Amino acid sequence: MKSIVASLVVNGEPREFLAAPGTTLLNLLRSQADLLGTRRGCEQGGCGACTVLVDGTAKLACLIPVECIEGAAVLTVEGLGAPDALHPLQQAFLDAYATQCGFCAPGMLMALKALLDADPAPDRAAVASAISGNVCRCTGYEAIIEAALLAADRLRPPVAAE
Amino acid sequence: MLSAVELPASAPAAVALLASAGDGAALMAGGTLVMPALLHGDQATRRLIVLAKAGLGGIELRAGSATIGAGVTFARLAAQPGLAVLRPALASIGSPTLRNMATVGGNLFAPQPYGDFAACLVALDATAAVLSPAGERSLALERLLQEGIGRQEIVTAVRFALPDPARWTYLKAMRRQLNSAAIVTVAAHLPLAGGVVQGARIALGGVAPTVVRARAAEAVLEGQALTGAVIARAAEAALHDIDPADDAYASAWYRRRVLPVHLRRALAGLTGDAS
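These protein sequences, in sequence, are chains P and Y.
Letter 86 of the first sequence, counting from 1, is numbered 320 in the numbering used here, and no numbers are missing.
Letter 251 of the second sequence, counting from 1, is numbered 285 in the numbering used here, and no numbers are missing.
No wet-lab data here; the hints were simulated from the structure.
The reader is advised that the hints may include incorrect statements.
Said to hold, decoys possible - Cβ pair distances, simulated, as ranges:
1) P/Gly374 with Y/Pro122: 23 to 29 Å
2) Y/Gly303 with P/Gly374: 28 to 34 Å
3) Y/Thr101 with P/Leu270: 43 to 49 Å
4) P/Gln334 with Y/Pro199: 40 to 46 Å
5) P/Gly305 with Y/Leu95: 27 to 33 Å
As the list claims (entries may be wrong) - Stretch-level coverage of chain Y by chain P, calculated; a stretch enters the list once three of its residues show a Cβ under 8 Å from a Cβ in chain P:
6) 67-73
7) 119-132
As the list claims (entries may be wrong) - Pulled from the structure, derived: some chain P residues nowhere near chain Y, Cβ distances all over 10 Å:
8) Gly271
9) Lys293
10) Pro317
11) Gln325
Predicted model only: the values in this text are computed from it and were never measured.
Cβ coordinates follow ideal geometry from the N, Cα and C atoms, glycine included.
Using the sequences and the accompanying hints, generate a full structural model.
Take a look at the structure:
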């Protein structure tokens, strides 16, 4: 079977991959780009563990054949922050104890990144809605919601004093 | 295992490709139904014909009517100021991430207990534009859901008249408040003329092999003032319209038990008094 060339901008870097036709973005990221932060969960679109941003929009990497997003900019959790320079969402997850086993965290972070990009001051209901497609079996979600609200607070520019 | 993923650049090109592809080709829009099947057991599909670039992303709102391209995602639809009346329904489907992918056209082929937007379209008396190598035809949504479309056809758009928000109601009973399939979905359009119901359309999801019209309930309402007593009779009559099944979300027994309750609550919102 003839391979295809997939051109993507992954975490800011233009990359080209040789792949079998119909290779999912999830498989490409994990097997060829060596980016293991994007998790393989249910592969049915039901768990959200593989959530990444495609051209700024949160999508499920397990359901996307790479041919469909030729040339797109893909942001994974590795591009969100670095170990020595965490994104405010990642720092808030640490501070608010929003990770336990950590399996769902990358998908949660990317879904929340999309939320905060669109709505810098979400209320609790908006946060719950944003992660309603992300399954977490450890935390009971409360700590994750708290962390998202904390990150939103920290990301908002301070209001100038009168 | 796929041997090709193709992205035709227009609807006619997609139809031509589908006609020449033969067995082993599948159509895909947002991928939220086709991809899970491919990843979990569908061995027959060798070629994917993806409609993402086929120019099916148009949204036209004009003179009280809407024409929505089959490739429009629920996220885009929900962002339309002119379609605010449908926002509660859209918000009840999947998660925001899923709604960034799932399309209007794909929802027409979602197996029950999914397909809540299709239920809305039936209640709105929508039609689908269906394209084949022979040309375009218009097909009532209700018929499309019962009969399907031909092997060489694709749905390119759906059309409906925008309802008066005061005469439209949508209620979905779910296991969770967010991102869950239907136990019972009610979508209803109850226009009034001279104080009585005229042209009632009630579509139900989650309670039959396909989305169904609640014709027995509609018959009770027709020509009547929308009182609590009439609504209660219609809600009970709807039990004649359903053929529920057991699944992971609810048992058939439970669906039968709660349908009249949810239908009554949905319609009560249209009288102004709670029941």
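Status of each hint after checking the structure:
One distance hint, 23 to 29 Å for the beta-carbon pair glycine 374 of chain P and proline 122 of chain Y, holds here, with the actual separation near 27 Å. Hint check: glycine 303 of chain Y to glycine 374 of chain P, Cβ distance near 33 Å, so the stated range 28 to 34 Å holds. About 44 Å separates the C-beta atoms of threonine 101 of chain Y and leucine 270 of chain P, a value consistent with the hinted range of 43 to 49 Å. Remark: the range hint 40 to 46 Å for glutamine 334 of chain P to proline 199 of chain Y is upheld by a beta-carbon distance near 44 Å.
Hint check: glycine 305 of chain P to leucine 95 of chain Y, Cβ distance near 31 Å, so the stated range 27 to 33 Å holds. For the region 67-73 of chain Y, the assignment as covered by chain P holds, since 4 residues bring a beta-carbon within under 8 Å of that chain's beta-carbons and 3 suffice. As drawn, the region 119-132 of chain Y meets chain P at 6 residues by the rule of a beta-carbon pair under 8 Å; at three or more, the given contact holds. For glycine 271 of chain P, the shortest C-beta to C-beta distance to chain Y comes to about 17 Å, beyond the 10 Å cut-off, and the non-interface label holds.
Remark: the non-interface label on lysine 293 of chain P conflicts with the geometry, its nearest Cβ contact in chain Y lying 6 Å away (cut-off 10 Å). Every beta carbon of chain Y lies more than 10 Å from that of proline 317 of chain P, the smallest distance being close to 26 Å; the non-interface claim holds. The claim that glutamine 325 of chain P lies off the interface holds: its Cβ sits roughly 23 Å from the closest Cβ of chain Y, which is beyond the 10 Å cut-off.
Of the numbered hints stated above, the single one contradicted by the structure is hint 9.
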